[in-house]
Amino acid sequence: MEKPRQGMPVTPGDYLGVEEEYFPGYGAYIDDEGNIRSQLVGRVLIDIVKRTIEVRQVRGKPIIPKPGDVVLGIVETVSNDLAFIRIYNIENKPSRSTDFTGVLHISQVSSEYVETMYDVLRLGDVVRAKVLNSLQPFQLNTKHPSFGVVVAFCSKCGETLKLKDDRLICPVCGNVEKRKISSKYFFRW
Amino acid sequence: MIEKPVLIRDDGLRHDGRRPDELRPIKMQVGILKNADGSAYVEYGKTKVVAAVYGPREVHPRHLALPDRALIRCRYHMAPFSTSDRKSPAPSRREIELSKVIREALEAVIFSELFPRTSIDIFIEVLQADGGTRTTGLTAASLALADAGIPMRDLIAGVAVGKVDGVLVLDIDELEDEYGEADMPIGYAASIDEIMLLQLNGVLTLEEFRRAIELAKEGARKIYDQMKKTLHDKYLKIIEK
Ligand SMILES: [Zn+2]
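Line by line, the protein sequences give chains A and B.
Numbering-wise (our numbering), the first sequence opens with residue 26 and increments by one.
Numbering-wise (our numbering), the second sequence opens with residue 15 and increments by one.
Chain A on its own, in the form it takes in the complex:
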């Protein structure tokens, strides 16, 4: 069998060596006979010092939110102390579609006291948040100044609200609304 070289292209099932030679890393596994094989379409990455062999994936790495990830999502339901947010994007991983449910509890919204969820976000808002856990539904946190609502809509006329001097104002009807506003709010006056 062909000896794997650094950078060699591989597909699932390809032989990468035997257990005695390397420790299988990301994208590699040991079959029933003790051979190391590739799980993925990618390139071989050998670390001679650590004696590891792994496969660097060329495309389509599955993405599931993990603790610490920054995500964007749309508020789907709101109650007094809880909001459900549909996560559609993980920051810095734009290549794939994402569709997971996130939960934001009132205690995780802001470092300041929040009386009710309705004061900090509304249905349909786009929220930038941090993921806290690795199990579904994903728990979210928006305490950091760059987290919170990045797009909000006027609850009177539906127009996109614009940010002016720390306030969200409707350019059509002049309505002013309250949110936990992210410093990265998309639309400015």
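What the hints contain is simulated information worked out from the structure, not anything from laboratory work.
Here the structure is a predicted model, which means the values were calculated and not measured.
Among the hints, erroneous ones may be present.
Stated by the list, open to error - Below are the DSSO-like pairs computed for lysine-lysine, each with C-alpha atoms no more than 27 Å apart in a straight line:
#1 251(B) / 28(A)
#2 251(B) / 48(B)
#3 28(A) / 243(B)
#4 187(A) / 203(A)
#5 101(B) / 18(B)
#6 209(A) / 168(A)
#7 28(A) / 231(B)
#8 118(A) / 155(A)
#9 118(A) / 251(B)
#10 168(A) / 189(A)
#11 168(A) / 118(A)
#12 248(B) / 28(A)
#13 118(A) / 48(B)
#14 48(B) / 243(B)
#15 91(A) / 48(B)
#16 75(A) / 28(A)
#17 118(A) / 248(B)
#18 155(A) / 91(A)
#19 248(B) / 41(B)
#20 236(B) / 60(B)
#21 236(B) / 28(A)
#22 203(A) / 181(A)
#23 189(A) / 203(A)
#24 60(B) / 48(B)
#25 91(A) / 168(A)
Unchecked claim - What follows is a set of in silico ranges between Cβ atoms, one per label pair, in the way DEER data are often shown:
#26 208(A) / 80(B): 33 to 43 Å
#27 80(B) / 128(A): 12 to 22 Å
#28 75(B) / 140(A): 30 to 40 Å
Ideal placement from N, C-alpha and C gives every residue a C-beta, glycine not left out.
On the provided structure of chain A, position chain B with the ligand as indicated by the hints.
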């Protein structure tokens, strides 16, 4: 009543001119659908199939989620225009059975334990049917999973061996399936040398069965090599330069 056509001609070739151990012309493409996480298009002669993979993603309805691994779902579907017979759009018994058979073959190679509480959804759409739709579908689904970056033990190549006019033939088409004595589709993971799908409709002697497996493996290995080349040409060639 239509008379049985000649399946093996006097010169030993098949009704379409192929040798008994010859595959139909096979074409493959990966990454053909923009909105799927992985996709593939595969042609075995006039049989044409598209496969799309979505996931790992959140399971709907949520109570189907498995705590320790991904839920793998597969839908094999014949497009209404894929056959000459009129076909109802509701899934037929045959489609439900083939969905299950293909899913079980793929489940055996996917590292589903890496994605607990998610689903991996595989859609196989037969656009044109001329025999071997389940094996073409299996090949396409395996490519689409690789294209989606789903970790797997191996790729699976599907192919069917049949017995027509007493002769074992590789990659049977619809006519050979209809008038032949036996049809044996297999799914073969060539690198790890494991058969992931094996069915037999009709009768073979033990000796014929043994030879049929060898013939099928040999054909599947050629298809497997083409699968690897397709993935290689699409994603790995550029990097090498
Ligand atoms: Zn307004």
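Task: Hinted pair residue 248(B) and residue 28(A), Cα distance within 27 Å - done: The hint holds at about 23 Å.
Open item on the list: Tell me if the straight-line CA distance from residue 236(B) to residue 60(B) falls inside 27 Å.
Closed with: Roughly 18 Å between the alpha carbons, so the hint for residue 236(B) and residue 60(B) holds.
- [ ] Would you mind confirming whether the straight-line C-alpha gap from residue 251(B) to residue 48(B) stays at or under 27 Å?
- [x] holds (21 Å)
Open item on the list: Next pair to validate is residue 101(B) with residue 18(B); report whether the Cα-Cα distance is within 27 Å.
Closed with: holds (25 Å)
Open item on the list: Against the 27 Å threshold, does the CA-CA distance of residue 28(A) and residue 231(B) hold or violate the hint?
Closed with: Status holds; Cα separation ~25 Å.
Task: Satisfaction of hint between residue 41(B) and residue 248(B), Cα-Cα up to 27 Å - done: holds (14 Å)
TODO: Take the C-alpha atoms of residue 251(B) and residue 28(A), compute the straight-line distance between them, and say whether it is at most 27 Å.
DONE: Measuring from Cα to Cα gives roughly 19 Å; hence the hint holds.
- [ ] With a cut-off of 27 Å on the C-alpha distance, tell me whether residue 168(A) and residue 189(A) pass.
- [x] This hinted pair holds, its Cα atoms lying about 21 Å apart.
Open item on the list: Would the hint linking residue 118(A) and residue 248(B) be met if the CA-CA limit is 27 Å?
Closed with: holds (21 Å)
Open item on the list: residue 209(A) and residue 168(A) were given as a pair; does the straight-line alpha-carbon distance stay at or below 27 Å?
Closed with: holds (13 Å)
- [ ] Compare the distance between the alpha carbons of residue 118(A) and residue 48(B) with 27 Å, and conclude whether the hinted pair is satisfied.
- [x] With a Cα-Cα distance of about 16 Å, the restraint between residue 118(A) and residue 48(B) holds, given a limit of 27 Å.
TODO: Could you grab the alpha-carbon distance between residue 48(B) and residue 243(B) and see if it respects the 27 Å cut-off?
DONE: holds (21 Å)
Consistency with the previously given hints is maintained throughout, with no hint failing.
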